[in-house]
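Student: In case you want the letters, here they are:
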Amino acid sequence: MSSSPIPAAVRRAPLYAVLLVGALLSVGPYLLTLNAAFKRPSDLLSTDAWAPAHPATFANFADVWNQYGMSSFLLHTLGVAVIVTAGQVVFSAMAAYALARLEFPGRDWLFWGYIATMMVPQMITLVPLFLMMRDLGLVDTYAGLVLPTLLGTPYGVFLVRQHFMTIPRDLEAAARIDGATTWGILVRIMLPLSRPILATLATITFINTWNNLIWPLIITNSDRTRVITVGIAALQGQHASDLPHIVLAGAAIALLPLIVIFLLFQRHIVRSIALTGLK
Amino acid sequence: MIVNIPAATRPPAADRGHPSAEPPTPTDGERHRRRSRIRTAVEAYVLLAPSLIGFVLFLLVPIVGVVVISLFDWNLMGSPHFVGLANYREMAGDSEVWRAVRNTVYYVVLNIPAQTVLALLLTLAMNRRMRGGKVLRVLFVLPWMAMPVALGIVWNWAFDPQNGVVNQFLSLFGVDGPAWLSSTAWAMPVLASVNIWQYTGYTMLFLLAGLQAIPESLYEAADLDGAGPVTRFFRITLPLLRPSMFFVLVTNTIGSFQMFDTVYVMTQGGPGGSTDTMNFHIYQQAFQLFRTGYASALAMLLFALILLVTAVQVVYFRKRTVYDFS
Amino acid sequence: MSASTRRILAGAATGALLLGLTTACGSSDSSSSNGTVTLRYAIWDAVQKPALQKSIAAFEKQHPNIKVKIELNAWAQYWSKLQTQIAGRTAPDVFWDHVAYFPQFAQQGVLTDLTPYIKADKLDTSVYDSKLLSGWQQNGKQYGLPKDWDTIAQVYNKTMLKTAGLTQEQLSGLSWNTTDGGTFVKALQKLTIDKNGKHPNETGFDSEHVKQYGLALSSPNGQTDWWNAATQNGCKLQDKAWGKWTINQPSCVQAIQFVRDLRLKYHVAVPASVTNTPNGAALPAVMARKQAAVVWDGSWDLNAYQSSMKGNFGVAELPAGPVGKGTVYNGLSNALYAGSSHPKEAWQLVKWLGSEESQKIIVATGSVWPGIPTLNKDFVTVWQKQGVDVSAFSKEAGDTTIGYPLTTSSATYNVKVQDAFNQVWLGQQSAQKAADSVNEESNAAVK
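Protein chains in written order, with UniProt numbering: chain A, 1 to 279; chain B, 1 to 326; chain C, 1 to 447.
Read the hints as simulated data drawn from the structure, not as lab findings.
Honestly, I wouldn't trust all of these hints.
[Unchecked claim] Here are some chain B residues the structure puts well away from chain A; computed CB gaps all over 12 Å:
1. 29
2. 92
3. 94
4. 96
5. 109
6. 110
7. 175
8. 183
9. 186
10. 231
11. 238
12. 240
[Stated by the list, open to error] Here are some chain A residues pointing at chain C (derived, C-beta under 7 Å):
13. 134
14. 139
15. 140
16. 221
17. 222
18. 237
19. 238
20. 240
21. 241
22. 242
All of these numbers come straight from a predicted model, not from anything done at the bench.
We put the CB at the ideal spot given by N, CA and C, even for glycine.
The following block holds chain A by itself, in its conformation from the complex:
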């Protein structure tokens, strides 16, 4: 915006103060959780939440990891999230290319069909999906856990399709003349030009799968398929009052990996969120 004669630093001091408070509020819950997870059980109950963990202990993490099954929850969640993410990126890109570039009967119907279902709340499909998985014998299996989202969501297809639409057609036309196949064009031209959006879709899918509670809550029911959301929700239900240090360490372990992933990809994601409005 336009300049002003008052020194910028002075003019902006209050602004910075407000923004810093905002930033602190944004990060505060993370920091408090982490801090609490490092406290000894007795300190957790006797000190203020903002008092630093001193002496810090790693025992809470070790306990929740070894004795309360966090290691297996994490492993299951990681496996499910990686498989679903891989599936969604691959299958969404394939479908998106067909919808963006290939002429075929029924294309517009399909495209609008996809868009029309984006507003359907997850609760709608829950009971029928459960019944379907039951009849397929997939209740309490990884297959049952990943199947409903593995093949992609209308949203993912839409996202990639919109990006493909912005890629100039000349590149493909040139490749076609050189004898490239459809698959070759998709793999060698479209995908390399779409890395940011694919990284974004991958991250979003990973986050959504990682954070999903309701589907695993219903479709899985034993320790061997238990994912982290269901695991820590159960931990909270059982031990919130007698072992808060364990429960908070569990929450911290559930929160941190996504922050790491986000920080790794944040340049792509911040830009993509801004451009596409992801949620």
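Fit chains B and C to the given chain A structure using the hints.
Tutor: Below, chains B and C alone, put in the same frame as chain A:
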């Protein structure tokens, strides 16, 4: 939560969904062209196949399924009894359902304005070159990816009447904080605060992009006309932000209507049913009481509600947006 | 087909393979190649898990071809989870069953009738308490073997009781009434201290800052709190077995009101905001934090008190009400899932858990009162060695008791009652209204 209202991202245009297409095939003869068209169609459907199978099997079939199940009385075991519209009739007279609708709307109303206004203020503050701007932006977006279940646990602990950080903090000022989650007045605002915390930064990021797309020349012209900052905000910034705003409002609203995780972890719908939202009530009917048919009817009600609210937003924004762009 | 489509097909095949693998991983647990069978055994009480593990270790030694995996889900999730498992046809082979859900499960055909197994193995069922054994029968079929029995009593902090100048005998001999609370409230007043050292019956008592409460109560359904008071006031929860709920009768509502008054009128019980929210503090945790001197709790929690209080607790009888003494008497069984794919092995487990040998192991850990009455005295001895006299539980079992209502509507009752009654304990709804609404909704669900 994956929702998107693409129609809103751009002004309505005639060629939406009809990408101009010249099939890039060599042109030696009608027959050849037809063969290549068929080949393209086959290729297209092969590419689409996995996605389409998922779409039909895990989305369309369940949607039809839920409509059918809503006409039955069924506990998932034994045989279903056809009851026609009885579930819908029961729903109409069920005070707990209407309480759940009220609670859901209340949650949305607590959420959306607070989130949007905070995000807008943050956007205005962030919309300038400054030291540390990029870092701040990342910090503000950090809440967005947090696991709601874990947040529920953290909030539960933070709002504990005895050992919670909120009441510890209030006691610094000599204030005795209430037992937040046992209070029918406070429980829902506390739940809403999770979502406000989580999505304000994300909303800001999106609005910021919208803001930066506004041409500087418009502001320069306004300066020439002697417009003050307030006038500039209401006459230029806000109207031109409307498309972004629309998108953010619609998606955040749809998301808010489906809140489940935090209720499940924090309050289980209590105290006194004050946080029993539609999604939680449906879950309870379906997977605690196993009234599957009734739960399916409730899911239809939720869907209708979301459609209604979205339609209202679309109509409202379309009317306003047309005026402003003309 | 072109090379590209072939590649795509190859990709799809890889995907399918991947799926197949995950499916295989998901379902390969129940029986492995060398002929061992893994049984799933569902329980809800973490306090009892160590004792059960001991028993199961002995079982696995005797049956080298059977492995048992305990699946623990807290009470709050257990029933929703179990019913979802049943609906999904993936229920555990053996699970803890409860009188509250037994009728519904029997009706749905979810449980295996054990009679043929009992006959084939010539199992002597006369060793069980007949009251417990018959609790798991319906239409001449036996749907489980008794695991244990329990009653509710007052668990107290020895030091706190002594400081207040009270003895275990005095605590057992108290009585309450609806006019002034009786000797019960008087004793609790002595045990309740605010931050200035004042008691609730003294002027200047600060009810907002209480350091130590006389009593803590908490229950998801009433078993460990108001059902006992209700029995002591002559209230019946049901008009008859398989009949209607009657919890809105005056005798019941008075008892509910009295439990509410303990918190909100006499200020001698820990506020419901601490103990009764969905994530509220469990009673042993309240005692461990020294927030209360006395709790009403079931015998199954003894080991939880032992682990945090190390013998510094005792057990006294519940007070008498206007009508007399009374407590909730209940027991669990081990049930065999009708859809189990290893019914023979599962029966071996059910039989073992019901056997004297297993129940002796459990009793030796002080976990729960046994389903075989001849072992009761061993249970008393185990706790005597820890310096705790647990005879109040068995004495109460011989007095007036009520059991869980026999009804198919327990799922509805349990889902509705917790939130509705917490509102009463918080002072946000009247006892009558809450009782009316829960009564009506539960009766509507009777099938």
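Student: Now tell me if each hint is right for this structure.
Tutor: Results of checking the hints against the structure:
no. : hint : result
1   : 29   : holds (18 Å)
2   : 92   : holds (19 Å)
3   : 94   : holds (17 Å)
4   : 96   : holds (16 Å)
5   : 109  : holds (18 Å)
6   : 110  : holds (17 Å)
7   : 175  : holds (15 Å)
8   : 183  : holds (18 Å)
9   : 186  : holds (18 Å)
10  : 231  : holds (14 Å)
11  : 238  : holds (16 Å)
12  : 240  : holds (15 Å)
13  : 134  : holds (5 Å)
14  : 139  : holds (4 Å)
15  : 140  : holds (5 Å)
16  : 221  : holds (5 Å)
17  : 222  : holds (6 Å)
18  : 237  : holds (5 Å)
19  : 238  : holds (4 Å)
20  : 240  : holds (4 Å)
21  : 241  : holds (4 Å)
22  : 242  : holds (4 Å)
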